[in-house]
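Make a model of the complete structure from these sequences and hints.
If you read the sequences in order, they're chains A and B. Take the first sequence: its letters are residues 911 to 1104, numbered as in the numbering used here. Take the second sequence: its letters are residues 7 to 192, numbered as in the numbering used here.
Keep in mind the hints are simulated off the structure, nothing from the lab. Careful: at least some of the hints might be erroneous.
Unchecked claim - DEER-style ranges, computed between Cβ atoms:
1) 1031(A) to 112(B): 44 to 50 Å
2) 970(A) to 44(B): 41 to 47 Å
3) 37(B) to 1028(A): 52 to 58 Å
4) 33(B) to 1028(A): 36 to 42 Å
5) 117(B) to 958(A): 29 to 35 Å
6) 148(B) to 1036(A): 55 to 61 Å
7) 1090(A) to 95(B): 49 to 55 Å
8) 116(B) to 1027(A): 43 to 49 Å
Said to hold, decoys possible - To spell it out: a stretch of chain A is covered by chain B in this simulated footprint if at least three of its residues, at any positions, have a beta carbon under 8 Å from a beta carbon of chain B; those stretches are:
9) 1020-1026
10) 1041-1047
11) 1058-1071
Predicted, not measured: the structure shown is a model, and the values here were computed from it. Note that beta-carbon positions come from the ideal geometry of N, C-alpha and C, so glycine has one too.
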Amino acid sequence: MQYYSFRGRGYPGRLQSWNWYGYSGDSLAMGLFWKKLVRVSLLDGFLNNPDCLSAFRGVGIDLEDLLTNTGLVIRLIDLAFSTYSNNALTLTSYGQQTLQTAYRDHASAAAFTGTNFIGHRPAVTDGIPHIFLNTSAFNPSYVGGRTGEEALRITLAPELIHAGGIPGDHTKTEDLRDLGERYTDVMKSCAGRT
Amino acid sequence: MYLRDLTSRITAGLDSVGSLERDLIRVLAVAVTALNASLYIADLVQEQQLYKLLSEYDWVWSVAYNPTVQHFHLRILAALLFSTIFIWSLKARRLIISLLALQIVGIEYLKWYLDSVSTKENAGIERLPEPSAAGFYGASNWDVVSLVIAALLFIWHLKILIQALRTPASGRGNNAISGAPEINTT
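This is the structure:
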């Protein structure tokens, strides 16, 4: 089980000094890996990539603002099975329970994105968007034999669009296709997917 | 010329196979194909269930579905179906085609295993989460059963082929069959 998560509000330039939530029992290697994930995927792939930032603006999302003001939590979904307190997990009992069900029965779900909505049962304790990554988000075959980092960027790009406030069409596998060329632009500029 | 010779040797090898063994091979081929069809259908059902579940979660915006395991199942199913169709009649040339199809099954399992190893390394984890039978990410125990049966079928095909290759070249000079006169050198 890995209980690492990345959580932050701050200047993009200082992203690497954002809070790192590591729990007892985690290995140093896992911590280093998680830092690499953020550096490679969020910094190189998204924030330090002007084309990507521009593509996100095209769908109406200021990615820098999302990460610096709104804040974002990215976690491995295994976290849902930990015994840490709900506050430490930033998940309510309902959020934890639903994630557990989804994770246990659906190994092929690469990532979930969500947060609380007014009038609905709260799932997270801090109210900011959460992205939960499953192991299959690191699968190099996900997009046809590319590297794990690229696969991860491809997984993260649409999830960051959702985290920016655009819900998906639940009836479609690629639930953002309705954005048309603007979605294609994000995938191409941020994840190298044509 | 060589192919014709090989074909006749395989035919001879197949003729020597007992009826029980023939039936067993056919049953195994159909069973493993049916098993993979079930696994693929289960993948499709699970995908639909995931989206249904998602619509019930009032806090989840989206879910990214990774169809890799589903695609492995589909490709393995297609190759097994091909193999089963060609092995059914137990004819020599069809056996060679069936053997090639089973090779594709083996390649797909190898790709799946290597893909699982890469996934594990990319995710920085020591052990793949369940289900991951025999180190195949997203695989159940039924996938292992399928792999074992496919391997048995492959070995059986190879056995027939190797037996044919080892058969003395008397077949080539089987003049009694071809009707050519024997030359008496004495």
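Proximity test - 8 Å, beta-carbon atoms, the segment 1058-1071 of chain A to chain B, at least three hits: Held - the segment 1058-1071 of chain A has 7 residues with a Cβ nearer than 8 Å to chain B, which meets the minimum of three.
Stated coverage of the segment 1020-1026 of chain A by chain B [criterion: 3+ residues, CB within 8 Å]: holds (count 7)
Okay, residue 37(B) versus residue 1028(A) on CB: inside 52 to 58 Å? 54 Å, holds
Lying within 41 to 47 Å: is that true of the beta-carbon distance residue 970(A) to residue 44(B)? 44 Å, holds
If you look at each residue in the segment 1041-1047 of chain A, do at least three have a Cβ nearer than 8 Å to any Cβ of chain B? holds (count 4)
Using the Cβ atoms, figure out if residue 148(B) sits within 55 to 61 Å of residue 1036(A). Taking Cβ atoms as reference, residue 148(B) and residue 1036(A) lie about 41 Å apart, which means the hint is violated.
Evaluate the given range 29 to 35 Å for the C-beta pair formed by residue 117(B) and residue 958(A). Given a distance of about 34 Å, which is inside 29 to 35 Å, the answer is holds.
Outcome for the supplied range 49 to 55 Å, where the beta carbon pair is residue 1090(A) and residue 95(B): 51 Å, holds
Lying within 44 to 50 Å: is that true of the beta-carbon distance residue 1031(A) to residue 112(B)? The hinted range 44 to 50 Å holds for residue 1031(A) and residue 112(B), with Cβ atoms some 49 Å apart.
Could you tell me whether the CB distance from residue 33(B) to residue 1028(A) stays inside 36 to 42 Å? 60 Å, violated
Should the hint that residue 116(B) and residue 1027(A) are 43 to 49 Å apart at their CB atoms be regarded as holding? 45 Å, holds
The structure fails hints 4 and 6 (numbered hints given earlier, in ascending order).
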